[in-house]
Amino acid sequence: MADLLVVRRNAYHDSARLMAISRRMQALPGIREAEVMMGTPLNLELLAGAGWPPAAATPLDLVVALRGERDDDLRAAEAALTGLLAGGETAATRQEQRPGSVAEAVALHPGANLVSIAVPGPYAAFVAQRALDAGRHVFLFSDNVPLADEIVLKRRGADLGLLVMGPDCGTAIISGVGLGFANRVRRGPVGIVGASGTGIQEICCHLDALGVGVSHAIGTGSRDLGAAVGGVMTELGLAVLAADPGTRAVVLVAKHPDPGVAARIHGVLAGLGKPAVVRYLGEEPPASRDGVRYAGSLDEAAEMAATACGQEASQGGLGSGVRGPGSGKESAGGVPAGGWGPGSGVRGPAQPPNQGRGESGEGRGPHPTRGTGRLVGLFGGGSLAAEARLALAQVGIDTTVPEEMLRVGAPIPGDGHIVVDTGDDAYTVGRPHPMVDQTVRCGLIRAAGADPTVGVVLLDLVLGDGAHSDPAPELADAVREARRARGTAPLEVVASVCGAAADPQQPVRQRAVLEEAGVRVEDSAFRAARLAAALLGPEGRA
Amino acid sequence: MDTAKALQLLAGPLEVVHLGIENVASAPAATGAPVHTVDFVPPAGGDPARVAALQALASGPVGEAVDAANRRALDRILASRPHLVGIGVARDVIPGMADGLFLHAGPPITWERMCGPLRGAVMGGMLHEGMAATPEEAARRAAAGAVRFDPCHHHRAVGPMAGLVTPSMPVWILEDLDGPGTGTRTFCTLNEGLGKVLRYGAFSDEVLQRLRFMADDLAPTLADALALHGPVDLRLLMAQALQMGDEGHNRNRAGTSLLLRELAPAVVRSTADRERAARALEFIHRNDHFFLNLTMPMAKCMLLAAEGEGLSTLVTVMARNGTDFGIQVAGLPGRWFTGPAQEVRGLYFPGFGVADANPDIGDSAITETAGIGGFAMAAAPAIVQFVGGTAADALATTRAMGRITTGPNPGWAIPALGFAGTPTGIDVRKVEEQNLLPTINTGIAHRDPGVGQVGAGLVGPPWECFHLALAALAQAPGLRPQASGPPPNPASGLGPQASGKAEAGETGSGEREGA
Numbered sequence: 054m055a056d057l058l059v060v061r062r063n064a065y066h067d068s069a070r071l072m073a074i075s076r077r078m079q080a081l082p083g084i085r086e087a088e089v090m091m092g093t094p095l096n097l098e099l100l101a102g103a104g105w106p107p108a109a110a111t112p113l114d115l116v117v118a119l120r121g122e123r124d125d126d127l128r129a130a131e132a133a134l135t136g137l138l139a140g141g142e143t144a145a146t147r148q149e150q151r152p153g154s155v156a157e158a159v160a161l162h163p164g165a166n167l168v169s170i171a172v173p174g175p176y177a178a179f180v181a182q183r184a185l186d187a188g189r190h191v192f193l194f195s196d197n198v199p200l201a202d203e204i205v206l207k208r209r210g211a212d213l214g215l216l217v218m219g220p221d222c223g224t225a226i227i228s229g230v231g232l233g234f235a236n237r238v239r240r241g242p243v244g245i246v247g248a249s250g251t252g253i254q255e256i257c258c259h260l261d262a263l264g265v266g267v268s269h270a271i272g273t274g275s276r277d278l279g280a281a282v283g284g285v286m287t288e289l290g291l292a293v294l295a296a297d298p299g300t301r302a303v304v305l306v307a308k309h310p311d312p313g314v315a316a317r318i319h320g321v322l323a324g325l326g327k328p329a330v331v332r333y334l335g336e337e338p339p340a341s342r343d344g345v346r347y348a349g350s351l352d353e354a355a356e357m358a359a360t361a362c363g364q365e366a367s368q369g370g371l372g373s374g375v376r377g378p379g380s381g382k383e384s385a386g387g388v389p390a391g392g393w394g395p396g397s398g399v400r401g402p403a404q405p406p407n408q409g410r411g412e413s414g415e416g417r418g419p420h421p422t423r424g425t426g427r428l429v430g431l432f433g434g435g436s437l438a439a440e441a442r443l444a445l446a447q448v449g450i451d452t453t454v455p456e457e458m459l460r461v462g463a464p465i466p467g468d469g470h471i472v473v474d475t476g477d478d479a480y481t482v483g484r485p486h487p488m489v490d491q492t493v494r495c496g497l498i499r500a501a502g503a504d505p506t507v508g509v510v511l512l513d514l515v516l517g518d519g520a521h522s523d524p525a526p527e528l529a530d531a532v533r534e535a536r537r538a539r540g541t542a543p544l545e546v547v548a549s550v551c552g553a554a555a556d557p558q559q560p561v562r563q564r565a566v567l568e569e570a571g572v573r574v575e576d577s578a579f580r581a582a583r584l585a586a587a588l589l590g591p592e593g594r595a
Numbered sequence: 034m035d036t037a038k039a040l041q042l043l044a045g046p047l048e049v050v051h052l053g054i055e056n057v058a059s060a061p062a063a064t065g066a067p068v069h070t071v072d073f074v075p076p077a078g079g080d081p082a083r084v085a086a087l088q089a090l091a092s093g094p095v096g097e098a099v100d101a102a103n104r105r106a107l108d109r110i111l112a113s114r115p116h117l118v119g120i121g122v123a124r125d126v127i128p129g130m131a132d133g134l135f136l137h138a139g140p141p142i143t144w145e146r147m148c149g150p151l152r153g154a155v156m157g158g159m160l161h162e163g164m165a166a167t168p169e170e171a172a173r174r175a176a177a178g179a180v181r182f183d184p185c186h187h188h189r190a191v192g193p194m195a196g197l198v199t200p201s202m203p204v205w206i207l208e209d210l211d212g213p214g215t216g217t218r219t220f221c222t223l224n225e226g227l228g229k230v231l232r233y234g235a236f237s238d239e240v241l242q243r244l245r246f247m248a249d250d251l252a253p254t255l256a257d258a259l260a261l262h263g264p265v266d267l268r269l270l271m272a273q274a275l276q277m278g279d280e281g282h283n284r285n286r287a288g289t290s291l292l293l294r295e296l297a298p299a300v301v302r303s304t305a306d307r308e309r310a311a312r313a314l315e316f317i318h319r320n321d322h323f324f325l326n327l328t329m330p331m332a333k334c335m336l337l338a339a340e341g342e343g344l345s346t347l348v349t350v351m352a353r354n355g356t357d358f359g360i361q362v363a364g365l366p367g368r369w370f371t372g373p374a375q376e377v378r379g380l381y382f383p384g385f386g387v388a389d390a391n392p393d394i395g396d397s398a399i400t401e402t403a404g405i406g407g408f409a410m411a412a413a414p415a416i417v418q419f420v421g422g423t424a425a426d427a428l429a430t431t432r433a434m435g436r437i438t439t440g441p442n443p444g445w446a447i448p449a450l451g452f453a454g455t456p457t458g459i460d461v462r463k464v465e466e467q468n469l470l471p472t473i474n475t476g477i478a479h480r481d482p483g484v485g486q487v488g489a490g491l492v493g494p495p496w497e498c499f500h501l502a503l504a505a506l507a508q509a510p511g512l513r514p515q516a517s518g519p520p521p522n523p524a525s526g527l528g529p530q531a532s533g534k535a536e537a538g539e540t541g542s543g544e545r546e547g548a
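Taken in sequence, the protein lines are chains C and F.
According to my numbering, the first sequence is numbered sequentially starting from 54.
According to my numbering, the second sequence is numbered sequentially starting from 34.
Keep in mind the hints are simulated off the structure, nothing from the lab.
For glycine and all other residues, C-beta sits at the position ideal for the given N, C-alpha and C.
Heads up, some of the hints might be wrong.
Pulled a few chain F residues facing chain C out of the computed Cβ check, cut under 8 Å [as the list claims (entries may be wrong)]:
#, residue
1, A39
2, L40
3, G45
4, E48
5, A66
6, A504
I would like the entire structure built from these sequences, with the hints used as guidance.
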């Protein structure tokens, strides 16, 4: 049995509260008796009556009397008293309050490990710095962040070993949790690092459809592979996926990398120790080499990664055939045969469009009606627009981005084929992204319909969390109105749907709504573009 | 490349703090991660230069050094032990006090720019000191430069409302006993009571007679009593008062009662004149704000302990002279950052309204600076009318002040907040980051001299004070952003290098060098 009697000078506390604290002290390990009280004459008398030695204390001093088994227990209890006296609101009442800053939020929720930032660009870097100050990873959705700030943020993040996903990062999936715009894809062995939000989404959805699934998708923001940023976060993301036991193959997707940075990243990929696939959007793929596979489209990147995982799993099953769009045949294991050979990314000419993967061929006539006139692509995803442009160019259809902005209620400017990203800043001033708000895009569909020089409209539709909750009906209505506006003259409309089966919008339903409105639906922007090309006919080629 | 932290993130589970467009957080919420949404407002009012200054002071090695300095400053504030040790005559005990020198509330000011109540107090002070025979003569002589003016804060003193201290006035003497600033003394006059009083600019015979009674009768009685009683630990009285419904600025009934209880036996024992003892006790009893003139120098004594803490961005002074509002920060001691005194949002006594109100005045915001007053509203349900009318508003006010302060004061517990300590140590950076000004409880003075108090309510500092302080801190040696290199050396401090800038002149906004 051991005793400890301590007097803390000049420490006033309310007596009823001290009685409650005494009771809590008695419940501490190894404590038999605990009395915490102000040193009033009455209290000191009570203590003496309980067999304690006299304590020299005034009514303003706190007297702590502890009795227990071991000295260590007593000292631990005495130390714990400071915490008990400190008080504070309970977790429950604190939870009700909305924090006012990152620092406050992580103090209230110490388990938080990532800060998601979608504030106006001029303040985004400040908030991201505060997140790094707090030792948290960053998902930075905001755009219009100065490049100099991005460089500082990412270098600091890399120094601290913290991910800085963004700025201008639309999509990430971390261990099954989506950030920004993200599809509910199954978990699986393929890890993705991407500087393109919709590029990540399309690869994710293809992998999901292939039954393969995604371990993690780490977004980097659109400028990461530019010369200024130098791929800082791409490199960290790749290193993390290389070390992640749940990732068996890695896909990198980005738009227009700086050649020097791409060359360095090639070396990183070659040394990953895991199969690596790269898709540089809108570009012809370089030759695959050093074990790094360069894909010719997002579809192909997903298929290559799936194959790599299949290969690893089965030590075989690799084909060497060159696959054209829409020719995918699923193997018994749900993994399509895919080509690893050089040139596998080079697509052949447009295939008849009625051989789409899976159910996509259903519900269509055997041959499309040949349209005439111009092709107008109205995209919500910038990366998908880039993929479409390349797919069209590869079959001899050159497109431009008109210098003059497309306007609702006005004819389509110029006289050639055009592909427009309606997520571009010019189209989103003062309104949300077209993946959320389709008002402008629907208006432009009607404008295209009213313009008799337009023969084919090419669309994309990106589903998933963060996106419009039910986009197809609005697009279908716009297509119907577009056709009404031109009377008997035919208008072909082709759309790709980027979605995972588990997405809340239900891709099957979205597709059905579009098809009911006479829209031809494909599973990827690449395939939709090729179908549109076929619909234009030979006379549409440049 | 160190992948340990990122791998930890991938291992999950993910828990997200989100700021900005709500829709962007819908994905993590829908896919199973807890999402904690921050009430985001653009930092520093969205001003690019201030955001940059704030970033430099808040982030990285500099941010960490400032955080550490602020914790040290807070520790010193919390460790200080202000005791009431006696009463003396201003001329004899206040450092730098001299005949012909009047101390006033707030930052420095000239007669020309003084508001009505402060001028009235100066005139009353001259009559009290025998420097003029009539109010008119006093005004004339004051305008002619017969009186030197200096802020109370330049002499370790504080004063409510006009805050006038003249050489012959009795003042409380407080001293830090056993704290980090052991031996530090602070001073404040004795509270005159309500109604027509000098601190509200009144100078009638009634006012002057009371001042004489206080100097000749009350002060000696209390001085004798204190000598017999020994030092009174004011922090402990304050702790009890907070649990009895005071917040230490606009409500002082409990503190006054506790002081009366503490001193009464000594008052009676220290004099053979029963009537004299009764007069003193009765004077205290009749003035619910008697304790205010002790919470103020107590707060000043605590905050002096933080002054000069190198790199610290904590506010050590908030004070108003009825024309300007000024603040000082621990890392730049002696420098005032000023802006125009604000209109008080308040409740008025019958017959008075906004048109009668003088702009915010007095050193009493030192209580908020030390974490009580408006910061302790949650402790004072009786006066919730000032903050919106409900007890919930009072709790919200104290919680909000937690956002702009460095930490709680465990010695001053608020029962309604689970005995959380009062939010203490206003951080200039947090005020700017959260666009949230300190909430100050205050009385409202009539704009004309001699009328007195017309109401009470809430007021905030003008933003200029914090903007100027932020800019000065960001330029201070040791705090300027460094491209690389070692973190700043806190030991180097800021004080010696701090240089005053040109006075902003008649606009009332600017920086000034203190005494």
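Hints, one by one, checked against the model:
{"no.": "1", "hint": "A39", "in the structure": "holds (4 Å)"}
{"no.": "2", "hint": "L40", "in the structure": "holds (6 Å)"}
{"no.": "3", "hint": "G45", "in the structure": "holds (4 Å)"}
{"no.": "4", "hint": "E48", "in the structure": "holds (5 Å)"}
{"no.": "5", "hint": "A66", "in the structure": "holds (4 Å)"}
{"no.": "6", "hint": "A504", "in the structure": "violated (16 Å)"}
Violation of the numbered hints given earlier is confined to hint 6; every other hint is satisfied by the structure.
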